[in-house]
Amino acid sequence: MSLPSDPLSQDAALALARRRSTVARYLGHRSLMIGAIGLGLLVLLAVFAPLVTWHDPYLQDLGNRRIPPIWHGWFYDNPRATWLHPLGTDALGRDYYTRLVYGARISLFVGFSVVAIACLIGTTLGILAGYYGGWIDAVISFIVTTRLALPVVLVALAVVAMFDASLKVVILVLGFLLWDRFALVMRSATLQIRSQEFTTAARAIGCSNTRIILTEILPNVTNALVIVASIEMAIAILYEASLSFLGLGVQPPLPSWGLMLAEARPEIFFAPWMITLPGIALSLLVLFVNLLGDGVRDVTSPEGRA
Amino acid sequence: MLRFILRRLFVGVLVLMAVAIITFALTNVAVDPAVVLAGEGATAADIQAIRERFGFDQPLHIRFMAWAVDILNGDLGQSYRQRRPVADVVFERLPVTLTLGASAFLLALSVAIPLGILAGLRPNSWIDRFALGFAVLGQAIPNLWFALVGIVIFSVNLRLLPVSGSDSWKHFILPATALAYYAMPTLMRLTRSGIIDAMQSDYIRTARAKGLRLPTVVLKHALRNAILPLVSVAAVQLGSMLGGSVVIETIFAMQGIGYLAWESIIRSDPPVVQAIVLIIASFYVLLTFLADVLNAWLDPRLRAR
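Chains as they are written, first to last, in the numbering used here: chain S, 1 to 306; chain C, 1 to 305.
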C-alpha cells in the first residue's frame, strides 16, 4: 500500500494498517478461530432451536421410548434407528437431539448471566482495591480470601435447596460465588495501570477518581476481563450441570444437560449412549469457550502464557 | 519469619470466623430454621413448638454466641435427622473423603509434574503438544461425566471395578481418577511454564556450563524454582478437591463427608451441613497457610510482604 503524502492521512493510514494487523493476528490464531466458530455455531443453534429441530422437547411419546441413535441402524442393523430421531429418544420417548439443542440454550444462558453478575461484583471490588489501596484493599482482599475458603459446590447446593431450586436461583447463587477471579485479576491489573504515566497525567490535569477509573483504567483492563470471563463462563456451565445432576439445579422437564445426565443414569446398563451424548455436548461447549479464552490471551499478551 | 507466620495465622482465624458467621447467617437469617425443621405440611402450632424446643425464639446474637462457644468447645451440635452429635456423624465419614482427596491429589501430581517437566524442556515438541492437548481436553471434560463414562467402561462393560461404595481400595480407583483428572491440567501447565522460565535463566546456564548433567540441573535447580507457584496452587487444588468431592462421592455412593453433605441438604439437616462447610473451610485455610509458610521458607523474598 502506498502511503499518501499528506502527513495527517498518513497517520490515519498507519493506524488503519495497525488495526488490520491486529485483526489478522486474531484470524490467524488457530485455537482462537476454532473456539470462536464453534461457540458461534452453538449460539446460533441455541437461538434458532425451533428452526433446526423437528420435535417438541417436552412431548412424551411412550410408544417410542429408548430409540437408539441413527448409527445403531448403520452398524447394528437396528430397524428402530431412523432419521425421525437422529440421536434417539430418552426413557420418556422425547427426541434426544431436540432436547440437546434446547439444552444449549440453558447452558449458554447460565454461562452468560453468571459471568455478567460475577463480572460486575468482582470487577468493582478489584478495581476499588487496586485503585485506592490502603484499608479498602485490605478489607476487599479479606472478603476475597473468605469467599475462597467457602466450598462453592457445597454452599451452592445448600443455598439452592433453601430457596426452591430453579434456573433463576442457580444463576444468582453461582453469580454471587464465582466473582473471586475477576476481583483478583482486576486488582493486579489496576495496580499496574495506576502507576503508569497516562494515569498520573490524568490526575495532574485534575480528573476525578471516577473519571480516571472509567476512562483510563477500565478500557485498559478489557483484555484481562475477556480472558477471566471465558474461564468463569466455562466453570459456571460445569457447575450448573453438576447442580442439576445432583437434583438441586434446573428442574425437570427442562432439558439441562446436567439433568439429562441424571435422567440417563438409570439407563447406564441398557442405553449408555444416553450418558455419552449430553457429556459430549457439555465438553464441546466448555472446550470452545476455553479455546476462545486461551486464544485471546495468546494474541493480546504472548508473554503471559501459563 | 515468626512475625510472618503469626500474621498469616491471625488472618486465617479471622477468615474462619467470617465463614462461621456466613454459614450461621445462611441457616438462621436467610431462612427460618424452625420452618425447615418442621418440614412441609406443618401447622403454625408445630412450628411454634419446635421454635421453643430448640431455642429458636431467642435473639439472634445470643444464639450465635451460644453456637460459637459450643464449636470452640468441640461441640458441633445435634443432627436433626440422625439424633446424634454432629461431630460423631461427620468424623466417622471423614477418613473416606481424606483418603479420596489425598490419593486423587497424589495421582494428579505424579502425572502433572513429570509431564510438565518433559513438556517444558522441549516447548513445541510433540510431547509438549500432547501435554497441552491433554490439558485442554482435561479442562473441558466434566468430571461427573468422566466418572459416569468410567462406570460404563470399567464397571458395566469390563466388570473390572465396583460401581459404588467405599469398602476396598478398588472402590477408590475410579473416583480418585475422576477427581485427579480435573485438577491435573492446571498443575501441569504451571510446572511447564515454571520450567520454561527457569531453563532460560542465568543460573541454569551457569550450572550447565560447569558441566552438570541435565537431569541434575533440572531436578536440583530448575524444578526448585518452578515449584514455587505450584505450592500455593496445589494447596488450593487440594482444598477444592475436598469440597468438590461432593459430586464424585454422590455418583459412587462413597461414605465420605461430601455424600453426607448432599444427603443432609436433601433431608434438610442444617447443623451437619454447617459443620461440613466449616470443616472444609478450615482445611482450606490450613492448607493455604502451610503453603504460604512453605513458600516463605523456600523463597525469603516473600517474607517481607
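Since the hints were made in silico from the structure, they are not lab data.
Possibly wrong hints are sitting among the right ones.
Covered stretches of chain S (chain C as the covering partner; in silico rule of three or more C-beta atoms under 8 Å from a C-beta of chain C) [unchecked claim]:
#1 37-44
#2 181-189
#3 193-202
#4 236-244
#5 264-276
To give an idea of the interface, some chain C residues facing chain S are shown, with a C-beta separation under 7 Å as derived from the structure [claimed, not checked]:
#6 Val19
#7 Leu148
#8 Val152
Source: prediction; values computed, not measured.
Where a beta carbon is used, it is the ideal one built from N, C-alpha and C, also for glycine.
Closest C-beta approach of C:Val152 to chain S relative to 7 Å, hint status: holds (5 Å)
At least three residues with a C-beta closer than 8 Å to a C-beta of chain C: is that true for the stretch 193-202 of chain S? Violated: only 0 residues of the stretch 193-202 of chain S have a Cβ under 8 Å from chain C.
With chain S as the partner, please determine if C:Leu148 meets the hint condition of a C-beta pair closer than 7 Å. holds (5 Å)
Given as covered by chain C, does the stretch 181-189 of chain S meet the bar of three residues or more with CB within less than 8 Å? violated (count 0)
Do at least three Cβ atoms from the stretch 37-44 of chain S come closer than 8 Å to Cβ atoms of chain C? Not satisfied, violated; 0 residues make the cut.
When the least beta-carbon distance from C:Val19 to chain S is tested against 7 Å, hint result: Holds, because the Cβ-Cβ distance from C:Val19 to chain S comes to roughly 5 Å (cut-off 7 Å).
Count the residues of the stretch 264-276 of chain S with a beta-carbon closer than 8 Å to any beta-carbon of chain C: does the count reach three? Per the Cβ count (6), the hint holds.
Are there at least three residues in the stretch 236-244 of chain S whose beta carbon sits under 8 Å from a beta carbon of chain C? holds (count 3)
Hints 1, 2 and 3 from the earlier list are contradicted by this structure; the remaining hints agree with it.
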